[in-house]
Amino acid sequence: MPELPQVPITLEGSSVLHQMFRFDWTAWNKLPATDRAALANAFTEMLARWERGSSEGHPNQSALFSQIGHKGDLTLIHFRDSMEDLNRVELELAQTGIYPYLQLVHSYLSVVELGLYESSEKLYTQLAEKGLEPGTPEWNAGLTEGTARTAGSLASRLYPTIPPAKYLCFYPMDRKRGETVNWYAETMADRRAMMHEHMLIGRRYADSVRQIITGSIGLDDWEWGVDLFADEPVIFKKLIYEMRFDKVSAVYATFGQFFLSVRVPAANAAQWFEGTLA
Amino acid sequence: MPELPQVPITLEGSSVLHQMFRFDWTAWNKLPATDRAALANAFTEMLARWERGSSEGHPNQSALFSQIGHKGDLTLIHFRDSMEDLNRVELELAQTGIYPYLQLVHSYLSVVELGLYESSEKLYTQLAEKGLEPGTPEWNAGLTEGTARTAGSLASRLYPTIPPAKYLCFYPMDRKRGETVNWYAETMADRRAMMHEHMLIGRRYADSVRQIITGSIGLDDWEWGVDLFADEPVIFKKLIYEMRFDKVSAVYATFGQFFLSVRVPAANAAQWFEGTLA
Amino acid sequence: MPELPQVPITLEGSSVLHQMFRFDWTAWNKLPATDRAALANAFTEMLARWERGSSEGHPNQSALFSQIGHKGDLTLIHFRDSMEDLNRVELELAQTGIYPYLQLVHSYLSVVELGLYESSEKLYTQLAEKGLEPGTPEWNAGLTEGTARTAGSLASRLYPTIPPAKYLCFYPMDRKRGETVNWYAETMADRRAMMHEHMLIGRRYADSVRQIITGSIGLDDWEWGVDLFADEPVIFKKLIYEMRFDKVSAVYATFGQFFLSVRVPAANAAQWFEGTLA
Amino acid sequence: MPELPQVPITLEGSSVLHQMFRFDWTAWNKLPATDRAALANAFTEMLARWERGSSEGHPNQSALFSQIGHKGDLTLIHFRDSMEDLNRVELELAQTGIYPYLQLVHSYLSVVELGLYESSEKLYTQLAEKGLEPGTPEWNAGLTEGTARTAGSLASRLYPTIPPAKYLCFYPMDRKRGETVNWYAETMADRRAMMHEHMLIGRRYADSVRQIITGSIGLDDWEWGVDLFADEPVIFKKLIYEMRFDKVSAVYATFGQFFLSVRVPAANAAQWFEGTLA
Amino acid sequence: MPELPQVPITLEGSSVLHQMFRFDWTAWNKLPATDRAALANAFTEMLARWERGSSEGHPNQSALFSQIGHKGDLTLIHFRDSMEDLNRVELELAQTGIYPYLQLVHSYLSVVELGLYESSEKLYTQLAEKGLEPGTPEWNAGLTEGTARTAGSLASRLYPTIPPAKYLCFYPMDRKRGETVNWYAETMADRRAMMHEHMLIGRRYADSVRQIITGSIGLDDWEWGVDLFADEPVIFKKLIYEMRFDKVSAVYATFGQFFLSVRVPAANAAQWFEGTLA
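If you're matching them up, the sequences are chains H, X, P, V and A in order. Per my numbering, the first sequence starts with residue 78, numbered consecutively. Per my numbering, the second sequence starts with residue 78, numbered consecutively. Per my numbering, the third sequence starts with residue 78, numbered consecutively. Per my numbering, the fourth sequence starts with residue 78, numbered consecutively. Per my numbering, the fifth sequence starts with residue 78, numbered consecutively.
Worth flagging that the hints you see were computed from the coordinates, not collected in a lab. One thing to keep in mind: the hints can contain errors.
Said to hold, decoys possible - Distance condition first, Cα-Cα at most 20 Å in a straight line; then the derived SDA-like pairs of lysine to any residue:
id: 1; chain 1: V; residue 1: K253; chain 2: V; residue 2: A327
id: 2; chain 1: H; residue 1: K315; chain 2: X; residue 2: E222
id: 3; chain 1: V; residue 1: K324; chain 2: A; residue 2: K207
id: 4; chain 1: V; residue 1: K253; chain 2: A; residue 2: D298
The structure displayed is predicted, hence computed values, not measured ones.
Starting from the given sequences, assemble the full structure and let the hints guide the process.
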């Protein structure tokens, strides 16, 4: 049997953009109330349209959040069919009347990713047992066929709707490549086993936390972005704290900044711009 | 006996937000004195209400501090029942007349946390000795029951009033996850023993320093935030210096920025805005 | 046979400047539409001239991209015959009417580089077998002669035209010089073998990704800059993820920021400045 | 004999604040000359009062320096009896007419510290030989008594006057807590020996360099701040370079930014504000 | 024979300040052409005077460069007899009419340094063979005498004129003090041997690259600053790349930012301010 590839198959779905803004309350509150209302309403209409997303095809939704702390006042997350479409969202927002009051201070660009550690090994073994060589046209055809089936069954996870939970926790992360501890130098079997243990913890929290993993290698400054959705934010801490003791996190995870925010449905956006969280 | 969990039980209480502001003295001092007085009074009234906190339920207080150095001129700390309520505080503050003179330059979001290293091991052992398996409904029920009793007795520490001391020292911190030195890879027993030694030092300073530990995994960029309250700031240095030699700090602690500030009760706030520390 | 040099021969071609700008939509949208049109047209004319590049000699082209995220709104890349000419481009742009709306937030200066690991070893061995000593005039003459031949055959790669692909991925990188893992302390033979494995992966993606490597030691803050061009951006992630498992990347690569952008041909630039991606 | 404490005794004196400002020459030079003179004179009067310090008790002086480079144009250092008094200095300065032209870009908060490595071991041994146990009331009483005597004899170093030298070099530093090299895990005897070697170098420079060490654990972002005063700045380089080879620096020191500045006595301050160094 | 010092003798010459500015083209281009000309001429006159330097004593010159990339638009380097004089240059520049269009974004303060690894060992050995003890008055007298002779013969390198080359490459650097790899813990003999190998590479480039090494321990944030002057910038890359494989760089060097710029003689400065590189 030939040496099997060490790289797990990944499936990609929606392109995703996170935008974090400071809101210029000082300039905004100097506007006459009717001007504020007009700008807020125009923004709200656009947001409502983005919230609904596509009536056919993938959901392609956006959502607004009220962010806590100095790292931003508002978060927008956008799921779209392409990076180009995400750029179009940015440009559309930049033409709105409310844009001068929004200061874009952070963002994150990624794509929904499902890492198929378990089925990769199975598929690689099957193909190898058929006598195929990695990298040959026959091998690639086998991969494409095996993957397409999986992708079909996972379509709703690859092109997700945005969970309606009250709180959002977002953070980017890397797998460590240290001088002695190096995720990318571990064997596929060891990585699979560690990811499995990691997933079991996540599963125990599945009732209260919805998770969307996005990949950003080649797209942004970290390797992955994690979005957690829950109605109660302390569960984020409990979940991530418990995971911090599993091997893949304890030894191999490096974390970026954490962003916590509260969902503001379009229906409540105008109220937010008057300074009140519904 | 089954393998016991390696993650200590934590109890969570008040949601906590630290806000650090630069104050725009130049613009402020250009205002007519009567305008300054009116804005300062309105702020002071709000602060006085926040200082009193809730008349029933948890204290839910805020406090104002005059910060030393370029990292900020004013610090506000807020204890509330939820992250949503902290966001409401931010939004309320943003609508005040004094807000244009406040530049939010830093913040920290966390939740009061009690890490029960000692009782976790006892409770895990008790449950295991009853023949329960970690993760089963019976085990979880046992945990919930055992923890509820403890949480009740610790309510005043989980939902604290803000100590009236003159000085505040705040800093965030992590436990190290290096390539060879990794807190999260140590056994529960070793971690408990190190935390015990650490706590004994803290106890010897208990007469002069009040400490509130908050957890921020999943909420902000460090794992914990530490607030120390004392009437004499050199004691902060003595306490933290002594702790730096205990094993859990010497080997496993990583520290963020340190913020030192002087309490400004609402009764003295108007005076501060005229440039004088009472 | 004398000890052979450990430094591979590199060939250098076009000088390259990346410029990343935030665009001040707020100020821009306050301009009368006719003023915007005039400024955009003047910029477009200059860009069209830069896109065409030189009618003789090297291509010396520039290209415009619409960047996604907060790290910039527009990217310009310029290929020229000298660093001086790149500085002239900067100065010419600074005199345009649209420049006040462009805020230069990042840049990268480098030179197209071909690292000749394979032929270096061959050439060094040939010269040594002729009895020449490294560093002697005869050796250097031999190097110059051997290299000139190669450079001639690689001219179109040293002075490339800008690929017409829809997406650009740019990132800078270093080879690690850690305390135990140190690229520059590995033997030439080991480095060559690792680069070879690396190149084989790139080759499998050659149909969908065009790559231009530039060197920036002594010119900018990282050792190399990588430009990837493709019509489908997920391929950037797939390529770089697969490479992350090859030894030279897994163990020795350190990455800077990643910048993703969408090509805006001069023909579509005016439309972009009206807020629409073609 | 009981195990002796591993933490050296430290004595603390004056609270110290460093402030680094950029000066807005552009706005300043737009003022009419008479306005500039009035503002500079008012500042100079305040500075002269601060330079004189207290007529009784501790010196409690401030001093002004003209800083070289982009990290600031002016440095102020303040020695006071308490952190509160330092905050009062900040507030007083913020109310002056010159403050709008000063942009506070950096600061450092610390307290004069004498680390008594030598006498700590002696005192601990004496107390232990008397049969006292560390941490008992008798032990603490013995420490207090032994320390008070020392503090008395060191009063002029704990509450220093500001040396009149022409140049100031300030930098903060830490002792390293790496994964294998960790100052806080070394024995007291080893640390004492290394500090002794370090001190001997300092002593050889004592004729030309005056040094004030301040501690900032719990107060600011590094563990110590170092102020060196000399009439000839190259001596700073010679002293610190030589020390870099002693073990405590070579192996255990981590340095922050370095700030070099030239003394501007109050008598010359008005001249500085007209753009000339006396 | 006594233990010889481990610290090489260094000789110091001119005090050196690098200043990097962004130029505010937007505000500048709003000025009437006659105002621009007047301001540029006044600046040019000052620059011409600085370029000529001192008519007697040390050269004490300054030079202007057009910088490439976002790290700055203009670089000024100044060689003077003292740090005070460098501060005077800063203050003089700040009073010019063009200063409001210059934003100082970076700087570097250092002093020309010749590290005498070879002659230090010889001199230390000679003195020891005479029976002198390091640190005694006799030893120091011998050092002073031996060094003075050397300094005299190196005066033109200690107080250099600014080379007239077209391109400048500047970067700061440190010697690594890692947990296992630590330059300052190596023996003098090993350091000397590594510096010797390093110097031999530099010598082979001496025809095309002029190098000025400045020391900045105690003066600025890195240990050394390196200025390379050449008419062809690719040679910077070739030289530094080759050096990166010698042991002292591969293992012990840590680099800061790299700044590349093109010389603008005073004769061409007015043209630059009209947006053209001569």
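Measure nothing beyond the straight line between the CA atoms of K253 (chain V) and A327 (chain V); if it is 20 Å or shorter, mark the hint as holding. holds, 10 Å
Do the alpha carbons of K324 (chain V) and K207 (chain A) lie within 20 Å of each other, as the hint requires? Violated, at about 29 Å.
Take the C-alpha atoms of K253 (chain V) and D298 (chain A), compute the straight-line distance between them, and say whether it is at most 20 Å. Given that 20 Å is the threshold and the Cα spacing comes to 18 Å, the pair holds.
Proposed proximity, E222 (chain X) with K315 (chain H) (alpha carbon, max 20 Å): Holds, at roughly 18 Å.
The earlier numbered hint that this structure contradicts is number 3, and it is the only one.
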